Structures are given as C-alpha cells and as structure tokens.
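Undergrad: Residue strings, one per chain:
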Amino acid sequence: MDVTDVINLNAIDLYLQVDDKKGAIEVLSELLFKDGSIRSKEEFINDVYLREAQGMTGIGDFIAIPHGKSDSVVKTCIAVGRVDKGIAWETIDDKPVKLIILFAVDNKSKNNQHVKLMAKVAGALANKKVCDALLEAESPEDVLSIFKQN
Amino acid sequence: MMNIIGITACTAGIAHTYIAKEKLVNAAKELGHNVKIETQGTIGTEDELTKEDIEKADIVIIAADINIGGKERFKGKKVIDVPMQTAIKSPKTLIQKIEEKLRS
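Here the protein sequences come in this chain order: A and B.
Numbering-wise (my numbering), the first sequence opens with residue 1 and increments by one.
Numbering-wise (my numbering), the second sequence opens with residue 151 and increments by one.
If we strip away everything but chain A, and leave its shape as in the complex, we get:
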C-alpha cells in the first residue's frame, strides 16, 4: 500500500476556477463525490467547516490543509486543488493560499492504513521542497509522483 491508495488522479485539479475558500472546498468536494469517495457533499462540507471553526488550516507558504472527519466519507482519501492567483484563507503567515489539500477521513476509521498514509502525506508537507514542487507541478501525475518520492 502506498500514497496512490489515498490520492486519486480524478481528485486533483491544478487549475481550479474559484475565487474563494468556499468555492475551493465546494469544487474539491464535488470531485470526491463524483469519484464515489464521499456519500453526501453537503454533509461532508459541513464537517470540513466544523474543523475550520476549530483553528486555521492554512499552514503557511501558500498551502492549506482543510479536513473533514465525517460519516459521509466512504473512502479515506485526499483531493488536491491549486489556484495560482491565490485565495484568502486563515493562515499562520497571512499569505494567500494557492494549493489546497483536502483530507477526507472516514469517521469510523481509527487505526487503519489509510489514515496512516494521510499522516505520511501531511508529514511530507513539512518539507519546503515538497511544497515548492507541488506549487510548480504541471499535472496530476506530477503531484502523485512528488508524494510517492517523499
């Protein structure tokens, strides 16, 4: 099992056409829904905002990691979106956000391999080189291979 089990090429959009945070979460959730990873978009988005209310998910350097632990999640996985112009987001360095990594976690899964892989993906984001590479990635395949290597 590796990161390809939690990152789906269908849930990566490097050219998100959105103007704000709400739009980004909406479109990424739609990708997860279309892909069958979540059962209900509304319910999932509600759970994402529940987490947003607990503290900022902008981790600095143009990256945000919103996440929803939700009963509506069928398959624990990650969606990735990029908005090159940047959008407003609550972040620790007050910079806008360009890359959004949305974590969808099955509420019932506790100690499973998928959640461990999510933790691995999160850990990789501590590395500035990984963040820079993701900001420059040209295709969903690029995104996948960046996570595979790190």
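What the hints contain is simulated information worked out from the structure, not anything from laboratory work.
Each hint should be verified, as a subset may be incorrect.
As the list claims (entries may be wrong) - Chain B side only, calculated, beta carbon under 7 Å to chain A, not exhaustive:
| no. | residue |
| --- | --- |
| 1 | T161 |
| 2 | A165 |
| 3 | I169 |
| 4 | K173 |
| 5 | I216 |
Predicted, not measured: the structure shown is a model, and the values here were computed from it.
Note that the Cβ used here is the ideal one computed from N, Cα and C, for glycine as well.
Put chain B on the given structure of chain A with help from the hints.
TA: Showing chain B alone in chain A's frame:
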C-alpha cells in the same frame, strides 16, 4: 547539543500533528540536536517516548491544541508548552529560543 523530546497533538489528529512533528525534527536536526517527537493522533500514539528518552532529555516540547496524554511522565523535566501553530510556523526560532534559555 541538546536532547530534545516532545509531543505533538491537534484537534482532529489527522494532519497538523504530523506536520508539526516533521517541522520540529527537521529544525532540531538542522541545529545539530538529538530529537524524538511522539505523535498523539487519530491513529493512536506513535514514536512513543520511552523512559530512557525522557531521562536523557534536556527539554520537552509540547506542541498541542488539545490535552495530551501522559504528561505526568515529564515530572521534574523542563517542559515548554507551545501552540501547534508555533511549531509549524517557526520551529527553528522556537528551538533557538530554547537554546538561549537553557544557556542562561
């Protein structure tokens, strides 16, 4: 060189916990220290600090947004509590401040 140990834990236990851990480890190593960070997340406790780790430690960093488990293990140790945000935003500055504090 210091022996740094610590714990990271965040509200959802999915992402921040693990980013903060990596940031602290990377910064500590860069500054030439030994480091071990325990994570308390959705998947449970990983890299659990052993009795020996704790005995050897010069400083304990707790970067958490929630109450962590097993704090009593650090009785008699120098413990620094910081918000999760500090560990993610400026891990190097945090450790440099600790260096200064321990030197004085």
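Undergrad: Hint by hint, say whether it matches the structure.
TA: Hints, one by one, checked against the model:
About 5 Å separates the beta-carbon of T161 of chain B from the nearest beta-carbon of chain A, less than 7 Å, and the hint is met. This hint holds: A165 of chain B has a C-beta 4 Å from the nearest C-beta of chain A, less than the 7 Å allowed. Hint status for I169 of chain B relative to chain A: holds, with the closest Cβ pair at about 5 Å, below 7 Å. Using the Cβ-Cβ criterion of 7 Å, the hint placing K173 of chain B at the interface with chain A is satisfied: the shortest such distance is roughly 5 Å.
Hint status for I216 of chain B: violated, given a least beta-carbon distance of 10 Å to chain A, over 7 Å.
Checked against the numbered hints above, the structure violates only hint 5.
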